[in-house]
Amino acid sequence: MSNEITEKAKETPGVSEKVKELDERIAKLEAKNNSLSIVLMSGDMDRVMGAFIIANGALAMGKEVTIFATFWGLDAIKKPSFSTSGRGFLERMVLWMRPKGPMKLPTSKMNFAGIGPKLFRYMMGKKNVEGLNSLMEMAMEFGLKVVACQMSMDVMGIKKEDLIDGVEVGGVAAFLSSSYKSNTTLFI
Amino acid sequence: MSNEITEKAKETPGVSEKVKELDERIAKLEAKNNSLSIVLMSGDMDRVMGAFIIANGALAMGKEVTIFATFWGLDAIKKPSFSTSGRGFLERMVLWMRPKGPMKLPTSKMNFAGIGPKLFRYMMGKKNVEGLNSLMEMAMEFGLKVVACQMSMDVMGIKKEDLIDGVEVGGVAAFLSSSYKSNTTLFI
Amino acid sequence: MSNEITEKAKETPGVSEKVKELDERIAKLEAKNNSLSIVLMSGDMDRVMGAFIIANGALAMGKEVTIFATFWGLDAIKKPSFSTSGRGFLERMVLWMRPKGPMKLPTSKMNFAGIGPKLFRYMMGKKNVEGLNSLMEMAMEFGLKVVACQMSMDVMGIKKEDLIDGVEVGGVAAFLSSSYKSNTTLFI
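Residue numbers (the numbering used here), protein chains in the order written: chain C, 4 to 191; chain P, 4 to 191; chain G, 4 to 191.
Accuracy of the hints is not assured; some may be wrong.
Said to hold, decoys possible - Each computed DSBU-like pair below joins lysine-lysine, with the alpha-carbon atoms no more than 30 Å apart:
1) C:K163 - G:K112
2) G:K184 - G:K162
3) C:K129 - P:K163
4) P:K163 - P:K31
5) P:K112 - G:K163
Worth flagging that the hints you see were computed from the coordinates, not collected in a lab.
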């Protein structure tokens, strides 16, 4: 009998260690609630605003937020003006046709050759809703991580210096690893 | 020796309590599979249908579903008609131009000035697929929670009474807290 | 005293079993990082490319990837040509108007009556970025699971033999069960 007790008791330290291991693994799963990942593929003003409103909300709640800007989403994080020298003809043409920065984005509906965005900016201003420009600045100040998609930049001939300051450049692996640390990943 | 056993055994109740704590934390993580969150930003008939088909499927499987309607997604949950009195000129103009309710939504492709939605409704009816109207009613009866985005409503001058009955009004914090209780969050 | 020790020690095996159970439940939650689910509702070349670039990245990292193709997303997985005989007039008309397969998809922006997709294919080729066609073939070879939405197929009169080989057909329940095994679900 006393032998049996000794046996069982000997198991206990093993159990304690195991419990500690489980605790750490659970904590890692719970920590996903502290991160949010967004793929920003759209360059429409309304969808980009949606992305940055959610990002700012999450940052204000103390979460880590990463936005992966790809394809048309790169339009939103371009500098308002940059030289397109040193690029091929097609790249220059595409860059010339695409909007440069948040103030030039079209709306996905009711764009009306650029009147829509002005209209919405005016209506937002009247209700004291921050414009996209300030939403983006706020988010960057609050620690938003922006990763620009290397492959899209290559295809469209966009260079890192064409993008707003503080942006990193990365690939799909960077996105996936961030997404797997996040409970929520949005494709916008 | 027997002292050592006593020592180890004394640890056991602490371990039991810890194990109970871990059990509860795991259950909380597992419970995420019982919830689904959707951001409905699109007001295109086909995308709204996608949202409500997924919502109905999840509700039928006993899950809690929350749809956050924002920007154009508000078009889907508007009443078929409401007075726009007591609003500014721009708000009235925008409300007048936007579709009111599920029967007026355009399709994202093949809209052809409104023929597309009629065509798809006819083709869906022939295959006994529920229309958007009934999908929405079914979902509400099954306990779907619909939260309309306060900020979008403010900007476009939409009031709570313009929206279908049973809709709540909330902000980005409400969305995030629901998303963090859900394994799956879709941005539609 | 020795009685008390016996009592506690008797609890230990129960604790060990419980710890094993918790371990398995945590492993199941952790396993979600090995899966990725995508709803592909869009049939725009750029968005479809986004879906398959992410899918290939995840497959290369050893993850299980499931794409649920629905609505316009079915365009991407159609065979380049198939007979539309044995279908109603409206179904034939819609099938005739929709693109057939990855080489015929329009871009969501800058489509210019089909010049856009050719332009982007050319620019991608110059930068040695795989075209959509090879991205799709690569993904299928790497074990991508593609599930076509039964309901959309019914409504548009699409048959299983109209779709590329290796595609399964399923409903919203199949999507939800895959999504609940995945940490990340994207709606594209």
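Structure-based check of all given hints:
no.: 1; hint: C:K163 - G:K112; in the structure: 23 Å, holds
no.: 2; hint: G:K184 - G:K162; in the structure: 28 Å, holds
no.: 3; hint: C:K129 - P:K163; in the structure: 19 Å, holds
no.: 4; hint: P:K163 - P:K31; in the structure: 33 Å, violated
no.: 5; hint: P:K112 - G:K163; in the structure: 23 Å, holds
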